[in-house]
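Work the whole structure out from these sequences, hints included.
There are 4 protein chains.
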Amino acid sequence: MLEQLKKEVYEANMQLPQLGLVTFTWGNVSGIDREQGLFVIKPSGVEYDKLTPADMVVVDLAGKVVEGKLNPSSDTPTHTYLYNHFPKIGGIVHTHSPWAVAFAAAKMDIPALNTTHADTFYTDVPAADALNKEEIAADYECNTGKTIVRTFKERNLDYLATPAALVSQHGPFCWGSTPDKAVYNAKVLEVVAEEDYHTLQLTRKNCELPQYLLDKHYYRKHGANAYYGQTSAKSFSHN
Amino acid sequence: MLEQLKKEVYEANMQLPQLGLVTFTWGNVSGIDREQGLFVIKPSGVEYDKLTPADMVVVDLAGKVVEGKLNPSSDTPTHTYLYNHFPKIGGIVHTHSPWAVAFAAAKMDIPALNTTHADTFYTDVPAADALNKEEIAADYECNTGKTIVRTFKERNLDYLATPAALVSQHGPFCWGSTPDKAVYNAKVLEVVAEEDYHTLQLTRKNCELPQYLLDKHYYRKHGANAYYGQTSAKSFSHN
Amino acid sequence: MLEQLKKEVYEANMQLPQLGLVTFTWGNVSGIDREQGLFVIKPSGVEYDKLTPADMVVVDLAGKVVEGKLNPSSDTPTHTYLYNHFPKIGGIVHTHSPWAVAFAAAKMDIPALNTTHADTFYTDVPAADALNKEEIAADYECNTGKTIVRTFKERNLDYLATPAALVSQHGPFCWGSTPDKAVYNAKVLEVVAEEDYHTLQLTRKNCELPQYLLDKHYYRKHGANAYYGQTSAKSFSHN
Amino acid sequence: MLEQLKKEVYEANMQLPQLGLVTFTWGNVSGIDREQGLFVIKPSGVEYDKLTPADMVVVDLAGKVVEGKLNPSSDTPTHTYLYNHFPKIGGIVHTHSPWAVAFAAAKMDIPALNTTHADTFYTDVPAADALNKEEIAADYECNTGKTIVRTFKERNLDYLATPAALVSQHGPFCWGSTPDKAVYNAKVLEVVAEEDYHTLQLTRKNCELPQYLLDKHYYRKHGANAYYGQTSAKSFSHN
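Chains as they are written, first to last, in full-length UniProt numbering: chain U, 1 to 239; chain C, 1 to 239; chain X, 1 to 239; chain Y, 1 to 239.
By construction, these hints were calculated from the structure, which means they are not laboratory data. Any given hint could be a false lead.
Intra- or inter-copy, both count: the list cannot distinguish identical chains.
To be verified - Quick list of in silico lysine to aspartate or glutamate cross-link-like pairs, DMTMM-like style, CA-CA up to 20 angstroms:
#  : residue 1 : residue 2
1  : Lys7      : Asp55
2  : Lys107    : Glu194
3  : Lys107    : Glu208
4  : Lys216    : Asp129
5  : Lys133    : Asp215
6  : Lys50     : Glu11
7  : Lys205    : Asp109
8  : Lys107    : Asp124
9  : Lys133    : Glu208
10 : Lys221    : Asp124
11 : Lys216    : Asp158
12 : Lys216    : Glu134
13 : Lys221    : Asp139
14 : Lys153    : Asp109
15 : Lys221    : Glu47
16 : Lys107    : Asp119
17 : Lys221    : Glu141
18 : Lys69     : Asp55
19 : Lys216    : Glu135
20 : Lys221    : Glu135
21 : Lys221    : Asp119
22 : Lys205    : Asp129
23 : Lys7      : Asp33
24 : Lys69     : Glu3
25 : Lys216    : Asp139
Written out as structure tokens, the structure is:
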């Protein structure tokens with residue numbers, strides 16, 4: 001069942017330790033088959049060097065396990081909520097990567113301060129509101145998805161152009177057209193969080209990127225007029 | 001004698017360099033057999049790549065060497081004191097991991113600022129008082145254990161729920177139900193110390209976690225109602 | 001065509017991930033054959049582990065592709081402009097190395113604060129002005145070269161003695177007598193950016209190097225009276 | 001000639017990149033045969049992966065090359081001066097390790113803030129005065145040794161108990177009873193520089209170690225009453 005997608009999701013998960021994005025088992029990637037309405041996700045708490053493609057768990061868009069011997073990631077309800085409310089994404093990744101976590105704990109957006117950021121994220125990456133007592137007491141993981149979606153609505157953000165969010169006090173969630181691209185975005189987020197931290201210690205004055213530079217770098221790589229890389233246009237996907 | 005425990009303690013010691021927690025020989029792990037009242041500890045000042053399971057030293061709860069050709073770790077009296085006063089722990093680790101040391105030198109607790117912390121530590125990790133002149137002059141290593149235990153009593157902390165302490169001006173001691181889990185906790189402590197340092201440079205306002213989020217994340221992984229990982233409940237051990 | 005130069009440029013590109021200067025494909029090196037007026041550059045967006053010497057693209061000094069199946073780096077117009085206006089350089093490298101980017105985003109020069117800097121860079125490494133809206137809207141990459149060259153003119157800097165610049169909000173460009181030496185300079189820049197960042201957090205008072213120390217260290221390694229290394233003088237090249 | 005010492009010095013040099021203390025060729029180790037009054041030092045500017053024991057250069061205490069096809073390190077006059085004025089040391093290492101350089105550029109001592117420091121360095125590690133214009137213009141490298149020795153005299157420091165110094169605006173010099181122990185001290189210095197940096201960003205108040213803790217940790221490892229490691233006393237050497 002969904003053997004190809006399981007393999008893709010497995011490989012995307014295995015990139016996390018290679019890219020320095022996880023300690024122990026603290027990260028999970030999923031990928032969705034939109035036609036069948038099923039997604040594949042890492043099992044909970046399994047060490048990366050023991051993971052196999054066959055360990056991946058298949059879940060439907062109501063959050064029910066459809067196939068798999070292991071428990072799915074405890075963050076499965078967050079993935080489910082995001083797939084239901086961000087209908088064009090194909091993969092999701094959650095990590096506790098340390099620079100993104102440092103901003104999340106400070107409840108600060110990761111601001112757009114350089115072109116590395118603008119190449120992947122069209123705006124500041126928002127720090128979604130921390131959950132309140134009631135949101136934590138019941139349906140915690142589902143509410144984690146809700147605070148992200150609510151933040152994108154409130155700020156009028158395009159989830160394809162800004163494929164990441166921090167959950168305040170917690171950490172980053174990233175997504176993309178595929179599991180592999182979601183992981184790519186998670187690595188970019190970590191890199192720009194580190195760069196931004198250092199820039200903000202050097203100066204906090206007038207360092208936000210102007211809109212025209214965000215436009216230039218973002219659309220140099222994304223959309224119909226992209227000219228970075230080996231294909232003349234990348235109209236299918238924002239990332 | 002205690003061959004299985006020696007192997008476990010050896011392997012836990014060997015994780016320290018792999019996890020980036022030690023420079024040279026600056027760390028030691030021990031593990032206890034509670035039935036026999038004996039613990040096994042790394043010998044003093046031996047390089048990790050020359051260590052073997054047979055080099056481990058067996059010590060009783062009065063701190064006397066029972067078996068072993070090498071001197072035990074110079075921190076053996078600290079381990080002895082902790083095993084005697086924290087009766088439910090099965091393993092102890094001491095390192096000079098650099099982020100934890102940075103907080104210890106500042107005599108600052110490692111505050112609970114994010115869910116990575118709450119997943120393992122139910123409260124701030126306390127910086128135990130630095131030893132005074134008299135405590136250093138005689139029985140230094142034993143007094144190092146005493147300041148930790150005293151701090152837990154004074155602050156009314158549960159040593160199973162907060163399985164780590166800093167000794168001010170010195171460094172971290174961590175523990176767990178097994179030597180392996182003690183090392184796991186030592187790595188988590190180092191990761192959250194690094195994250196907290198950066199968060200505190202971004203902001204020092206209103207960044208302490210609320211109690212309800214500490215409750216949620218800690219009990220998601222620990223205790224009778226835990227639901228993280230592949231076992232439905234983890235009632236035996238807090239970590 | 002230019003097989004030897006392609007090999008040199010390929011090898012210089014492959015040094016970038018080895019030296020920790022690039023994430024993913026975010027960097028490019030070129031090298032020029034001044035007699036033929038042609039330069040060789042990395043193709044755009046190709047992963048380093050898939051790159052071969054034959055993938056290198058040959059470009060003339062008008063910026064036109066002369067040979068190659070792949071698109072050249074999207075930064076090719078910047079390289080072209082620099083080769084035309086810095087006539088004695090033989091290689092150029094652009095990266096998004098994170099410490100240099102942190103300074104670029106802060107629009108701050110990388111100041112000469114220690115002898116590591118002075119061994120390679122005779123002055124502060126300038127942060128060239130960020131491009132304005134018009135400069136970004138048309139001929140962006142060419143204008144990136146222009147702001148660098150304009151900065152060197154305005155500040156009366158010798159591009160051989162200071163073989164690097166930051167482009168504000170973007171990142172570093174470095175150069176040298178060969179592609180290999182350009183990469184060497186890019187690594188030095190990243191190292192001194194990291195050192196300077198930490199020095200500036202310790203103190204911002206009176207830490208600029210005096211001119212006589214810049215003279216000493218720079219000319220110990222460069223020019224007719226150099227005495228570092230195994231050749232008695234290095235009169236041919238500044239680096 | 002001095003084949004065993006050449007091998008020791010070679011191996012000590014090769015430890016520098018393994019311990020993360022050097023970039024490119026920016027470091028050198030020497031070792032002395034006190035009976036013959038000759039020391040062995042790394043050649044200038046040779047890459048570590050091309051170095052062999054036979055490349056080591058033999059120099060006398062007047063600074064003259066006695067044997068060797070290659071130029072000795074450009075820092076040879078500094079080593080010569082230190083061997084002449086610190087008569088009990090057996091090895092010297094100079095690096096541009098980045099955390100120590102950050103303090104040197106700030107002209108700040110590396111303060112004794114934790115026991116990791118006190119285990120190896122009995123006092124703050126001093127930042128020797130930067131050289132003035134005249135000291136740089138002539139006999140620069142010899143004057144680099146002089147500022148170190150002068151600083152130890154002025155502050156009444158024991159060079160065996162504090163086996164390291166920073167040269168302001170430049171970087172660290174470390175020494176020990178052997179080349180290997182000098183390298184060990186250089187690594188400790190880099191580790192405590194990193195830890196101290198972070199501690200000083202957390203707090204600058206009341207964080208200096210008290211003398212009784214310096215005494216305890218230093219003499220736990222050094223001198224007649226040392227009890228760390230596998231030998232009951234280490235009276236021969238302070239390190």
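Hints, verified against the model:
Proximity of lysine 7 to aspartate 55 under the C-alpha cut-off of 20 angstroms is restricted to the intra-copy arrangement: shortest distance 10 angstroms within a copy versus 30 angstroms between copies. Taking the shortest Cα distances, lysine 107 and glutamate 194 sit within 20 angstroms of each other both inside one copy (16 angstroms) and across copies (17 angstroms). In this homomeric assembly, lysine 107 and glutamate 208 come within 20 angstroms of each other (Cα to Cα) both inside a single copy, at 18 angstroms, and across copies, at 11 angstroms. When the C-alpha separation of lysine 216 and aspartate 129 is checked against a cutoff of 20 angstroms, the pair qualifies only between copies, where the shortest distance is 17 angstroms, while the shortest distance within a copy is 30 angstroms.
In this homomeric assembly, lysine 133 and aspartate 215 come within 20 angstroms of each other (Cα to Cα) only across copies, at 11 angstroms, whereas the closest approach inside a single copy is 39 angstroms. Taking CA atoms no more than 20 angstroms apart as the test, lysine 50 paired with glutamate 11 passes in both settings, with 13 angstroms inside one copy and 18 angstroms between copies. Within a single copy, lysine 205 and aspartate 109 get their C-alpha atoms as close as 16 angstroms, and across copies as close as 15 angstroms, so both meet the 20 angstroms cut-off. Taking identical chains as interchangeable, the C-alpha atoms of lysine 107 and aspartate 124 lie at most 20 angstroms apart whether they share a chain (13 angstroms) or sit on different chains (19 angstroms).
Only between protomers do lysine 133 and glutamate 208 lie at most 20 angstroms apart by alpha-carbon distance; the minimum there is 15 angstroms, versus 34 angstroms within a single protomer. Proximity of lysine 221 to aspartate 124 under the C-alpha cut-off of 20 angstroms is restricted to the intra-copy arrangement: shortest distance 17 angstroms within a copy versus 32 angstroms between copies. When the C-alpha separation of lysine 216 and aspartate 158 is checked against a cutoff of 20 angstroms, the pair qualifies only within one copy, where the shortest distance is 17 angstroms, while the shortest distance between copies is 31 angstroms. When the C-alpha separation of lysine 216 and glutamate 134 is checked against a cutoff of 20 angstroms, the pair qualifies only between copies, where the shortest distance is 11 angstroms, while the shortest distance within a copy is 43 angstroms.
In this assembly of identical chains, the alpha carbons of lysine 221 and aspartate 139 lie at most 20 angstroms apart only when taken from different copies (16 angstroms versus 38 angstroms within one copy). Proximity of lysine 153 and aspartate 109 under a CA criterion of 20 angstroms is satisfied intra-copy only: 16 angstroms inside one chain copy versus 38 angstroms between copies. Only between protomers do lysine 221 and glutamate 47 lie at most 20 angstroms apart by alpha-carbon distance; the minimum there is 16 angstroms, versus 35 angstroms within a single protomer. Within a single copy, lysine 107 and aspartate 119 get their C-alpha atoms only as close as 24 angstroms, which misses the 20 angstroms cut-off; across copies the closest is 19 angstroms, which meets it.
For a Cα distance limit of 20 angstroms, the shortest separation of lysine 221 from glutamate 141 across copies, 14 angstroms, qualifies, whereas the shortest one inside one copy, 33 angstroms, does not. Taking the shortest Cα distances, lysine 69 and aspartate 55 sit within 20 angstroms of each other inside one copy (7 angstroms), while across copies they are farther apart (41 angstroms). Within a single copy, lysine 216 and glutamate 135 get their C-alpha atoms only as close as 39 angstroms, which misses the 20 angstroms cut-off; across copies the closest is 11 angstroms, which meets it. In this assembly of identical chains, the alpha carbons of lysine 221 and glutamate 135 lie at most 20 angstroms apart only when taken from different copies (18 angstroms versus 38 angstroms within one copy).
For the identical chains of this complex, lysine 221 and aspartate 119 are intra-copy neighbours only, at 6 angstroms inside a copy versus 37 angstroms across copies, given an alpha-carbon limit of 20 angstroms. For a Cα distance limit of 20 angstroms, the shortest separation of lysine 205 from aspartate 129 across copies, 16 angstroms, qualifies, whereas the shortest one inside one copy, 25 angstroms, does not. Taking the closest pair of Cα atoms, lysine 7 and aspartate 33 come within 20 angstroms of each other only inside a single copy of the chain (13 angstroms); across copies the shortest separation is 43 angstroms, beyond that limit. Taking identical chains as interchangeable, the C-alpha atoms of lysine 69 and glutamate 3 lie at most 20 angstroms apart only when both belong to the same chain, with a minimum of 15 angstroms there against 35 angstroms between chains.
Taking identical chains as interchangeable, the C-alpha atoms of lysine 216 and aspartate 139 lie at most 20 angstroms apart only when they sit on different chains, with a minimum of 11 angstroms there against 41 angstroms within one chain.
Hint compliance for this structure: no hint is broken.
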